[in-house]
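Q: Each chain, written out:
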Amino acid sequence: MAVAPNMRSSWPRVWAGIAGAAGAAVLLLVLVFGLHRDPGAIPSPLIGRQAPEFVLPLFDGGTLATPALRGRVVVVNFWASWCVPACYEEAPHLQRIWDRYRDRGLTVVGVNIQDQDRLARDFIARFGLTFPNGVDRLGTISIDYGVYGVPETFLVDRKGRIVHKYAGAVTEEMLVSEIEPLLADADGASP
Amino acid sequence: MMAMLGFLSLMLAVGCAAGGLVTLLAGHRLRHDPARAAWGRAAAAGLFAGVTLAVVMMEAALIGFDFSIRYVAANVNRATPLLFRVAGLWGALEGSILLWAWILAALTLLVAVKYRGRHPDLIPSVLTVLFGIALFFVGVMVGPANPFARLPVVPPDGRGLNPLLQNHLLMAIHPPLLYVGYVGLSIPYAFAMGTLLSGQHRDEWMTLTRRWTLVAWTSLTAGLLLGARWSYDVLGWGGYWAWDPVENAAFMPWLVATAFIHSSMVQERRRLLRIWNVSLVILAFLLTIFGTFLTRSGILASVHSFTQSLIGPVFVAFLGLVMVASLLALLARLPQIRDEGWLDSPLSREAMMLLNNVVLLTMAFTIFVGTIFPLIVEAATGAKVTVGPPFFNRLFVPLGIVLLMVMGLGTALRWGRSGAEEMRKLGWLIGITLLTVTALGFAGIRGAGLVALGAVCFVTVAQVGEYVRGALARRAATSESFPVALRSLFALNRQRYYGYLTHLGLAIVITGIVGSQSGRIEVQRQLLVGQAMQVGGYTLRLDGLVALPGADKLVVAAPVAVFSGNSTALAGSPGSPGALDILRPSENFYRQARTPVPTPAVRSTWRQDLYVVLMAFDPAAQSAVLRAVVTPLVSWIWVGGTIMVIAGVLAGWPSHPT
Amino acid sequence: MAHRHNDRAWRTGVALLIAVTLLAAGIAAAKDPEARAQAIAAQLRCPVCQNESVADSPSELAAQMRTLIRAKVAAGETDQQIVDYFVSKYGEWILLEPPRRGPLWIVWLAPAVALLGGAYLAFAYLRRSMVGREVGTLKR
Chain A
1 MAVAPNMRSS WPRVWAGIAG AAGAAVLLLV LVFGLHRDPG AIPSPLIGRQ APEFVLPLFD
61 GGTLATPALR GRVVVVNFWA SWCVPACYEE APHLQRIWDR YRDRGLTVVG VNIQDQDRLA
121 RDFIARFGLT FPNGVDRLGT ISIDYGVYGV PETFLVDRKG RIVHKYAGAV TEEMLVSEIE
181 PLLADADGAS P
Chain B
1001 MMAMLGFLSL MLAVGCAAGG LVTLLAGHRL RHDPARAAWG RAAAAGLFAG VTLAVVMMEA
1061 ALIGFDFSIR YVAANVNRAT PLLFRVAGLW GALEGSILLW AWILAALTLL VAVKYRGRHP
1121 DLIPSVLTVL FGIALFFVGV MVGPANPFAR LPVVPPDGRG LNPLLQNHLL MAIHPPLLYV
1181 GYVGLSIPYA FAMGTLLSGQ HRDEWMTLTR RWTLVAWTSL TAGLLLGARW SYDVLGWGGY
1241 WAWDPVENAA FMPWLVATAF IHSSMVQERR RLLRIWNVSL VILAFLLTIF GTFLTRSGIL
1301 ASVHSFTQSL IGPVFVAFLG LVMVASLLAL LARLPQIRDE GWLDSPLSRE AMMLLNNVVL
1361 LTMAFTIFVG TIFPLIVEAA TGAKVTVGPP FFNRLFVPLG IVLLMVMGLG TALRWGRSGA
1421 EEMRKLGWLI GITLLTVTAL GFAGIRGAGL VALGAVCFVT VAQVGEYVRG ALARRAATSE
1481 SFPVALRSLF ALNRQRYYGY LTHLGLAIVI TGIVGSQSGR IEVQRQLLVG QAMQVGGYTL
1541 RLDGLVALPG ADKLVVAAPV AVFSGNSTAL AGSPGSPGAL DILRPSENFY RQARTPVPTP
1601 AVRSTWRQDL YVVLMAFDPA AQSAVLRAVV TPLVSWIWVG GTIMVIAGVL AGWPSHPT
Chain C
2001 MAHRHNDRAW RTGVALLIAV TLLAAGIAAA KDPEARAQAI AAQLRCPVCQ NESVADSPSE
2061 LAAQMRTLIR AKVAAGETDQ QIVDYFVSKY GEWILLEPPR RGPLWIVWLA PAVALLGGAY
2121 LAFAYLRRSM VGREVGTLKR
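Protein chains in written order, with my numbering: chain A, 1 to 191; chain B, 1001 to 1658; chain C, 2001 to 2140.
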């Protein structure tokens, strides 16, 4: 058990030095990596999967059932009237997308969450939104879509698969670049 | 104007820190050089003066609403009360770095003055290290985290402090205490590093820094305690500790400092653990930097709150620099600081302190791993995982129990080698503990709670036993009465007997934690005015909704009458006598925040707390959503923690030579 | 001789400590639906909060999640099914403690390795220091 002092002097020193330096280097690398990522960006496990079905009671009466939309490209937008400024920024863009593509097989669906009925209706009136818009009172739809905050927007292809998720405000340009190939793709393919 | 002056004084501080560093480094080879020592002191004074002036300017700007300064505009608005304008200094990143630098400058000056003419071969090296650290902090402020940065356009009003911070008086003292603790740990670090740099000493630094370390530890303890209290009083979930990165960042250095306080005694007595102690002090200091980095760089921020700033990379660089420098210094001097003493027996107090170090360090390591593990996983696989409270709670239960066992054993055993007397003592201890555990078991306590309470009992009896034995021995020797003998024990050996008091305080804290974790009852319900709800032996009746406009906020309170017993007959009879209490939970609407901040109302007794939160209300319908939590033994945490802090203060209080 | 005696005491102590730890780790109990829902909510991270569980968060999303959990408990789903549902929607990120499988075991085992490794090192150090005592006594 007794180790000669001169043997103990150099080797543990070298090893301790190497171990310490390696540990420090790994830690620093991890921290540097950590600084270069966005802690808010959490990938959705739903991408590529079948979009959850739902039945949405609409603000202007009636309901919307997603199976009826099969064969169309669908933009599902989760929003709230208190979501300033992102929801206010994107609302006109969503309306333009609806105007532009509704006849080419695209539907925009607004899902209002965590909100008050009157404020939500004011919001719709303010932006003159004409696409189907309804309220998810219990939050079951938003949880089904794994929604974190508002706004979040999901892009669903003609086969009902989620192809893209946007966290934060969307713009017309962002959506157009994704929507065009989806519409074109399915135009040629058999339904 | 103030921004200008403030920035200039920061420049002065940078100059002094750099000057001091260079002078002392250049003079490193020439020991016993009084002129250089005098320059070092002057630089320390200049550093302190510069940072103090900057603090004064910043406070003047905060108090005087100088919204041309970005920091002021971001953290104060015209409705912010004076106290929170003053406290705005530590409300955000740049200000808290300024506070940090200020405390560090004060400590540097204190070291320079206090040890003037003493230890001439050590103190210049110590000051060199302190200047190096100070240079980083003041340097950061003239660079990426300039507290005096100005806005191109002066806004008419500022945004105001985060309302969670403005909603409680503790905010005014909790951060400074924590920072005194953090920065205080750089003193033992500077002394240890100075020792390595000068290559002259081996054990002196420890004796010299004993009181500094104790002050830092006590401040950290108080800071953690007040942080827990703030969390309980403000956040409205009925808990006091959430393993939040901010809390973890303070808890890790506390654990390591606690380990050091114990192992330093082993070094003083046995000339052992020298390398270990230097490593602990380095680790504690690194953890304070790491903790500041974690909480201030935005690296662990949650969803939708991402901010990119240069602070992160700068702190990583400094962390790396400190690690490399410390490691090199330690390795270079390794042969000189090898142990000279020996241990007599594993059945000794020093052996238990060694084990206590193992457990405390494992705890710190657990938090560390849990904190950076999500980063490692993401770096390696791209997947996101969470390491949250259930993980830490699960692991800290067994670790805490082991720690208590070691604490009890360490108190019962003696230095050197324990003999028959200690074995008898242990027999008694184990006997009493087993009896208590049996009694508690019959009282219906089960599982981990039972084991933990058994360990608490073991620790408590061990400490009380020491007091009783010591006082009895003293009474026999001096014919003092028992209480007098007990009191003179504290005067004779403060470190030891206040140390036991800290252990007792911790035992009380842990009892509170066990109680509050195991017996919590929670109910959430919507009530109309006049309706009642039951929670854990109380009946609560909503008696109304009251709006109270204040200067900086609108308060909506819901008076709730509390009755004991599960009676439903109370509904609809306002003002009925027999109410135990009227609680007024409220929601506070600050103009700088969209969502209201709740202020819970608490009825606290030694047995349990009734904690009522107003979650939502509807004035039209005269209804409110109340959340009521009954938690056993919460107040024990505050009592035990206060005892720990008081014991720390008294143990470190300057003693008068008798 | 005294040396060996101490060793034995030492090992007994270590064994005792381990036994106590294991005892503390093993706890389970049957629960009513509300407690089950509460326990499930406590395992899930509130998506819109800073480091809060679904059980503790006052946010509306967390409240809706709690309602959904209660509904699923009432509908007869098992705890595992309910937790799996949330993982399928939000990813493993939503679990407040990392699942114990594959490489994620590392974070669970690291503290144990540290504790046992540390104890071993302390033990080795003690033995070495006690050898030093014999040398020291001789020198005296």
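Since the hints were made in silico from the structure, they are not lab data. A few of these clues could be false.
[Unchecked claim] Distance condition first, Cα-Cα at most 25 angstroms in a straight line; then the derived DMTMM-like pairs of lysine to aspartate or glutamate:
#1 Lys1384/B - Asp144/A
#2 Lys165/A - Glu1378/B
#3 Lys159/A - Asp38/A
#4 Lys159/A - Glu172/A
#5 Lys165/A - Asp103/A
#6 Lys2089/C - Glu2060/C
#7 Lys165/A - Asp99/A
#8 Lys1384/B - Asp2084/C
#9 Lys2072/C - Asp122/A
#10 Lys2072/C - Asp144/A
#11 Lys2089/C - Asp99/A
#12 Lys1384/B - Asp2079/C
#13 Lys165/A - Glu53/A
#14 Lys2089/C - Glu1378/B
#15 Lys2072/C - Asp2084/C
#16 Lys2089/C - Asp157/A
#17 Lys159/A - Glu53/A
#18 Lys2089/C - Asp38/A
#19 Lys1384/B - Glu2060/C
#20 Lys1114/B - Asp1203/B
#21 Lys159/A - Asp115/A
[To be verified] Footprint (simulated), chain A over chain C, 3 or more residues, beta carbon under 8 angstroms:
#22 2034-2046
#23 2103-2117
All values reported here derive from a predicted model rather than from experimental measurement. The beta-carbon is built from N, C-alpha and C at its ideal position, and this holds for glycine as well.
Q: Sort out which numbered hints this structure fails and list those numbers smallest first.
A: Those not satisfied are hints 3, 9, 11, 21, 22, 23.
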